[in-house]
Amino acid sequence: MPLLRCDNLSVGYARHAVASGISFSVGSGDCVAVVGANGSGKTALLRTLANIMKPLGGTFSYDPSVRPGDVGYLPQQNPVQRDFPATAREVVLSGCQARRGLRPFFTKSEKSAADAALARFGAASFAGLSYKTLSGGQRQRVLLARALCAGRKMLILDEPVTGLDPDAAADLYSTLAALRGEGLAIVSVTHDLPAGVEDATHILELSGAVFFGTKEKWMDGRSGVCSVCGDCVSGSHHHHGAGCRHACAGKGAQA
Amino acid sequence: MTGILETLAEYLSLDFVRYAYASGILVSIATALLGTTLVLRRLSYMGDGLSHVAFGAMAVGTALGFADSFVVSLPVTAACAIVLVRSGEGKKIRGDAALAMISVAALAAGYILMNIKPGSSNVSGDVCTTLFGSVSIITLDETDVAVSAAISAAVVLFFAVFKNKVFEVTFDPDFAAACGSRKRAWEAAVAILAAVVTVVAMKLVGTLLVSALLVFPAVSAMRFCRSFAATLVASALIAAVTSAGGITVAIIAETPVGATIVAAGAVLLGLSCAFGRK
Chain L
125 MPLLRCDNLS VGYARHAVAS GISFSVGSGD CVAVVGANGS GKTALLRTLA NIMKPLGGTF
185 SYDPSVRPGD VGYLPQQNPV QRDFPATARE VVLSGCQARR GLRPFFTKSE KSAADAALAR
245 FGAASFAGLS YKTLSGGQRQ RVLLARALCA GRKMLILDEP VTGLDPDAAA DLYSTLAALR
305 GEGLAIVSVT HDLPAGVEDA THILELSGAV FFGTKEKWMD GRSGVCSVCG DCVSGSHHHH
365 GAGCRHACAG KGAQA
Chain B
1411 MTGILETLAE YLSLDFVRYA YASGILVSIA TALLGTTLVL RRLSYMGDGL SHVAFGAMAV
1471 GTALGFADSF VVSLPVTAAC AIVLVRSGEG KKIRGDAALA MISVAALAAG YILMNIKPGS
1531 SNVSGDVCTT LFGSVSIITL DETDVAVSAA ISAAVVLFFA VFKNKVFEVT FDPDFAAACG
1591 SRKRAWEAAV AILAAVVTVV AMKLVGTLLV SALLVFPAVS AMRFCRSFAA TLVASALIAA
1651 VTSAGGITVA IIAETPVGAT IVAAGAVLLG LSCAFGRK
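The listed protein sequences derive, respectively, from chains L and B.
According to our numbering, the residues represented by the first sequence are 125 to 379, in order.
According to our numbering, the residues represented by the second sequence are 1411 to 1688, in order.
Next comes chain L alone, as it looks inside the complex (with noise of 0.2 Å):
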């Protein structure tokens, strides 16, 4: 049984379905990444998919043993956080408000996971700064320490790489595969082609019709000669829309 399972889902705001006929499923220690163009659908599935919204049509459920607290959400900055007077540790705290409940204090092993989460993302020596004065890397950093602290088996993130440089998004990429390794479920939304599905085990494609396969079968859907830079693309498969461009010009930028 895997940990989330979808069938044909349509998600969208406001009765307007952005993207629909979703299924795909997600087991322990999978890690899929959803990429396609913007307005596709992605952080509006990754929204439904946390609970924020509801989903327009068909259905998604998550395996009994996965309970809200289990699923870590790291959803894109918002801009009313800038000024927030909170410190680090605080907003990373808050990531285990699922496990406290209506119990008003935290625990000494929250606090301790707190803590773990912090160093795990690099963020361990700006913990007590206050969040408003952190850089946008910082925040990122800040964010996803808490997605792992209310993450215990699953973790769902909206463009993690976001406001990262190279190194830093190397490092994360490294301590995601790590976390995978201990068994946890990955779902990224990403636009770091090719280096956003590196560690993928699945790829979920929402631009034009759906496509949800492996990694391999999914590059091999993008075999052929691509006409931007030569190298990629243009197969059976029809589904390389701007996913493929972002490749190309990822791999342009390294050569």
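Treat the hints as calculated values from the structure; they're not laboratory data.
C-beta: ideal position from N, C-alpha, C; glycine also.
Heads up, a few of these hints could be off.
[As the list claims (entries may be wrong)] If you want a taste of the chain L side facing chain B, the calculated C-beta under 8 Å gives, among others:
no.	residue
1	G163
2	T167
3	I176
4	Y197
5	V204
6	F208
7	T211
8	E214
9	Q221
10	A222
11	P228
12	F229
13	F230
[Unchecked claim] Residues from chain L that face chain B, not an exhaustive set, calculated with beta carbons under 8 Å:
no.	residue
14	N175
15	V215
16	S249
17	A251
18	S254
19	A274
Following the hints, position chain B against chain L.
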């Protein structure tokens, strides 16, 4: 100087002056705590809107012949607060526009009613007092002090026990929802408390000045506090000092008490900006 101290001592020997100090300090602590969450949720203007609604509702209460118009103004204001807290979420009318319209309409309706069904012969005096607070020292009795103390205790207790929850739904409501927190219930709880405190604080400083008690202490505290916990404590302390200082100055300088408290809040904000670290 001794003259001033003598005046103060003379005033402090009077019961209603001591009541004014007690109520002022207690109520402003409650407004400061709630104001912190409103400011952080970008709802600073809500206190102002709520007090206008309360003004209109009070006029309705008086016109209907209730001895204590709180019977009408409390539930109406609380209902408005809940609507306004949620109004940002993709409704047809945007939150700030809804707030502006509700608050000015309630103010107009209240003034019309006060003229049609006057509570006393001096309508303009009544209106002025309701809008700006008493001209001289506020006359309160033991019941007022008891009500202020009860509300202040309730709010302080709420924040002491649920500080973490309040932080979570304020800092990131979406994340709180993803964690299974009942975001709407907590928002409603904060909205209701804000409404109650606004209605009570109106008696102290008047309808038009009450939002200062909500906003000044929070913004002052945010100038120099790093953590959410420290911001809450600092804004409560700043509010207490503001009220005590404002009432004292009002006694000495014989200025209107509500406006003087607000002016004291503005001075403390200036000091926080000048000396607080960013």
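(request) Identify whether the interface hint at Y197 (chain L) stands, where standing means a beta carbon of chain B within less than 8 Å of its own. (result) Given a least distance of 4 Å, the restraint on Y197 (chain L) holds.
(message) For the restraint on A251 (chain L), tell me whether the closest CB of chain B is nearer than 8 Å.
(response) At about 11 Å, which exceeds the 8 Å cut-off, the nearest Cβ of chain B leaves the hint on A251 (chain L) violated.
(message) Tell me if the interface restraint on V215 (chain L) is satisfied: Cβ within less than 8 Å of some Cβ in chain B.
(response) holds, 7 Å
(request) Let me know if the C-beta of F230 (chain L) comes in closer than 8 Å to any C-beta of chain B, holds or violated. (result) holds, 7 Å
(request) Hold the hint about T211 (chain L) up to the distance rule: shortest CB distance to chain B must be less than 8 Å. (result) holds, 5 Å
(request) Closer than 8 Å between Cβ atoms is the bar; does F208 (chain L) clear it against chain B? Give me holds or violated. (result) holds, 6 Å
(request) Tell me if P228 (chain L) is really an interface residue toward chain B, meaning its C-beta lies closer than 8 Å to one of theirs. (result) Interface hint status for P228 (chain L): holds (5 Å vs cutoff 8 Å).
(message) Less than 8 Å between beta-carbons is the criterion; does A274 (chain L) satisfy it with respect to chain B?
(response) This hint holds: A274 (chain L) lies near chain B, its Cβ roughly 6 Å from the closest one there, short of 8 Å.
(message) The hint names I176 (chain L) as touching chain B; please verify it with the least Cβ-Cβ distance against 8 Å.
(response) Since the shortest Cβ distance to chain B is 5 Å, the answer is holds.
(request) Tell me if S254 (chain L) is really an interface residue toward chain B, meaning its C-beta lies closer than 8 Å to one of theirs. (result) At 4 Å from the nearest chain B Cβ, S254 (chain L) passes the 8 Å test, so the hint holds.
(message) Tell me if the interface restraint on E214 (chain L) is satisfied: Cβ within less than 8 Å of some Cβ in chain B.
(response) At about 6 Å, which falls below the 8 Å cut-off, the nearest Cβ of chain B leaves the hint on E214 (chain L) intact, so it holds.
(message) Can you verify the interface hint for S249 (chain L): is its Cβ closer than 8 Å to any Cβ in chain B?
(response) violated, 15 Å
Checked against the numbered hints listed earlier, the structure breaks hints 1, 2, 16, 17; every other hint is satisfied.
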